[in-house]
Amino acid sequence: MSASNRSHSCCSGYTRSQLLRSAAAEAGKGLPAIEPGMPEPAGTGLSRRKFLARGAGLALAVYGASKIPLSAFETGIAQAAQSDKILVSVFFDGGIDSLSVLAPAGDSRYSQLRPNLALPPGAGPAFAEDPNLQWHPAAAALATLYGEGKVSAFPAIGYDHPDQSHFTSRHYYEIGELQVGYRTGWLGRYLDAVGDEENPLQGLSLDGSLSPMIATAEKPVAAIDSVDGYDLWSRVSDPIEAEMFRSFARFGSLPSDSPGLSQVRRAAAQTDKLRQDLAGVGDFSSPVEYPDTWFSHKLAGLAAYIAVGLPMRVVTVRAPGGYDTHADQAGDLEGNLRETCEGILAFQRDLEARGLADRVMVEMWSEFGRRPEENGSLGTDHGAAGCAFVIGSRAKGEMVGEFPGLSSLDADDNLRVTSDFRAMYCSLLEQWLEYDAEAIIPGASGFARPTLVKP
Amino acid sequence: MAIPQQKPVDARPQQRRRKRRRVWKDKHYRWVPDGQGGWRVQGYVYRHHHKPKRGHFRGPGPKPPRQASAPAAAAPAAPPASDPRPAGAYQGPFGEAQAVRLLQRAGFGPVSGQAAQLASMGLVGAVQSLTRPSGPAVLTGPAPRDDDGNPLAPADAWGHDHLWWLDRMVRTNQPLVERMALILHDWFATSNANVSTTQQMIDQSNLFRGRCFGSLLDLFRAVTVDPAMLQWLNGNENYKWAPNENYAREMMELFSLGADRGAYSEDDIREQARALTGWRNDWGDVGAYNFRFEPKWHDTGTKTVFGRTGNWGWEDACRLCVEHPLHPSFFVEKLWSYFIPGAPATDVREGLEQTYVGSGWQIRAVLEQILMRPELYEGPPMVKPPVVQLATMLRRLGRHVDTEAWVWLCEEAGQRLFWPPNVSGWDDNRWLDTSRMRARWNTVTYALEGISVDAWNDDYDEDETPEEALARALASWGSPALRTEHRDALLELAQRSENLILANWQKGPYRALRQNALLQLIGVSPDLILQ
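In the order they appear, the protein sequences are chains G and Y. Per our numbering, the first sequence starts with residue 1, numbered consecutively. Per our numbering, the second sequence starts with residue 1, numbered consecutively.
In case anyone wonders, no lab produced these hints; they're calculated from the structure. On a predicted model such as this, the values are computed, not experimentally measured, just so you know. Among the hints, a few may not be true.
Unchecked claim - Covered stretches of chain Y (in silico footprint by chain G; criterion: 3 or more residues with CB under 8 Å from a CB of chain G, positions within the stretch not fixed):
(1) 371-382
(2) 386-400
(3) 440-451
(4) 462-470
(5) 508-520
As the list claims (entries may be wrong) - Straight-line alpha carbon distances no greater than 25 Å define the calculated SDA-like cross-link-like pairs of lysine to any residue that follow:
(6) Y:Lys507 / G:Phe245
(7) G:Lys273 / Y:Arg487
(8) G:Lys273 / Y:Gly313
(9) Y:Lys25 / Y:Pro151
Beta carbons: idealized from backbone N, C-alpha and C, even for Gly.
Please put together the full structure from these sequences, using the hints given.
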């Protein structure tokens, strides 16, 4: 463990609060390679260094600001393609321990590196494609889907020269490139290319603020903090209420003479549009039973949104809990992982029951994995290769990249990478969203495309 | 016809919780301005988020002193016969509109009558009344209360830290001190997420209040060894045996020099980290305490930072940054950015740099020049941070902090005080998305509690015209200046609403609903979201 974890203030901070709140302090705590400046996620990197546009709406606003000169590459210039496919991104915030999710219980070094945290052989469901691996017992729901051929697992995903800062690594995953200067997310660029000028639901974050992954340059996207409805409360009722919203929308449509004003106008217009789009969808019922958790509730709502035909293309949601398990990992991870996997299973069953399962693909990811050797506080520190999963009825259901084993680690004693996250993105774009990855992911031509989708 | 009197404005969507919480309603009383400089008691329905104790405090508390309108600083002087302004200052008329903008950018907007008072002082007098306050701040009006009517426990109760500061913004007679403290909280962004106690966060904010107009070097040094900062960026884990570079990097990148300007190298960061070694603390049940410099833990070797070699310590580390040739431009541009959108022109920036260096890095000297710049009065508007918008609204409405709802509403709007998202502070370019705009709307709804009318129980004026309706709503908001097209949109709404009245019984209630609609829309109009 790094010396700085002695206080546990940072680590417990992660489990208690959002990653971003602690990430800045976390980076730099005796890690081997600290990046020159921790970038913020896409769409927010600007103000860190160039604060001159503060509050002026000059920089990239959430709805996009077409005034910003972005390269043709960033904005995406290809013609729009219609698709009814939906990609749902689920983020394990903090760096989930892939060596617990897919435990190498058959690897002889596992119990040496993890005298306290290693899962005993047979503790969880088997992983058919590699007899040395087994699922965490709390991931049994995911193992069920895997057994049905609906899960493609990446047991050691990452990129060359892994960065162990939460911020930097997460930023790379969000923008789909190993750089710090991008303002648009990889899915944001996709939406800019194929999205609609008027439809904020095409890119939807379910966590109360916009995910940098869907930060666009131009097209509208939306964030909600609850699937139970998007109410604007007031002490006004019909028929006057309808008139009130008409006037609110009018605030959004009048001409602007400053970037700040146009930012407010866009927000007003999109807010009113979203209010109408989501009117009446708050009360939903599900054909299957979901676990009684907030995360499952969001997914249940999402399935209902899909069922009523809301025009979504990309949806982001954070997995429950925090995964930066520097201390007392076993308990934290177990509960959060179970909640996540059981939610995903119920979501899949819901989609199947509604006949929608062929339209939805789920991608689960984290910014990195954790160090194979456990630390002194029953936890693990930041590592390199991690895990990712592509889940759905149309998922190919084949492992991508082998498990590299624990006998030869990288120079920092971390798990070696056997698949690149950008290759996963390229395949998801081309095989699922049916859009040319060359226009979205820098250097796409250099990545071999794993087959992720059943023909 | 069952039209609900009002929507369940109290149903707070809970993170990770499906069921909305039950609320308990009863009647409370509070002091509200009577419009003549005094106060009157107003009854209103109070929504408790916890079951209230029998006989709990229901207001109105002691009557506030007269001069309801308020926390104005000095007594209104007679209009200055002349208003001589320094070179480079705004030379146009300084009336109420300009005074409002100054109060908004350098504070939390006007309370009733304050703009006229400030305008009468002239530009220079007005600016100096903000930048040169005398004595401790005076908080005017009812003390803040939680949902149960109890006094706040800022260091101990959830959210009360946020309410404590919000209350200072609303009631202080030294608004620029609070605004500067907020700016410095963003500049030297520290989060309670990695700090043991909330009291240490509050202490840091008091440090900002006390030093916001003085020497930047003194402030920088005080922040560097502030217990909250020492924890947040690991200054307390930076020993000569194992230097931690976290603070060394951020003090250059975010606090004094800026990234990507060629101001420093990775070697400078490593050497600077050595200069900063030696601070430590003890750990106990309360968390981190007893912060001190331990000479034995300090690296006493020679360090070379920015090409300057010496046996540098933590005070030198701060001085070396401030003496760096690229620091003045960083400082004046960053300070400028909090008050005026867009970068200063080169000659303007250079003039501010000269003022800054010539004054010995005095913040006030630069601040006064920025607050007198024509760009502030003639330039485009900026989006208010959520907390600033809320404080502004409460001041305009004559309301005070009497509910914990402001905590989660501000959090949903993206700005929970003492919890900035990361060490680079809040991102002022991302204040508005659909989720955060909704939070601002709902914040307005809460702010209008007790001010909106009861459409079904009050006997609302059945003869009110659209013009009268708008005038009444604007007066409730302290008569903000609206852009013409927004005013027109509201008048159209008032007229359209009247057209919906088809039956006699609707005459009063629909006009009451119209009043509430106008009140709501003024609150979420671009005019009130922008500053």
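Results for each hint:
no., hint, verdict
1, 371-382, "holds (count 3)"
2, 386-400, "violated (count 0)"
3, 440-451, "holds (count 4)"
4, 462-470, "violated (count 0)"
5, 508-520, "holds (count 6)"
6, Y:Lys507 / G:Phe245, "holds, 21 Å"
7, G:Lys273 / Y:Arg487, "holds, 22 Å"
8, G:Lys273 / Y:Gly313, "violated, 57 Å"
9, Y:Lys25 / Y:Pro151, "holds, 20 Å"
Going down the numbered hints, you'll see the structure goes against 2, 4, 8, while the others check out.
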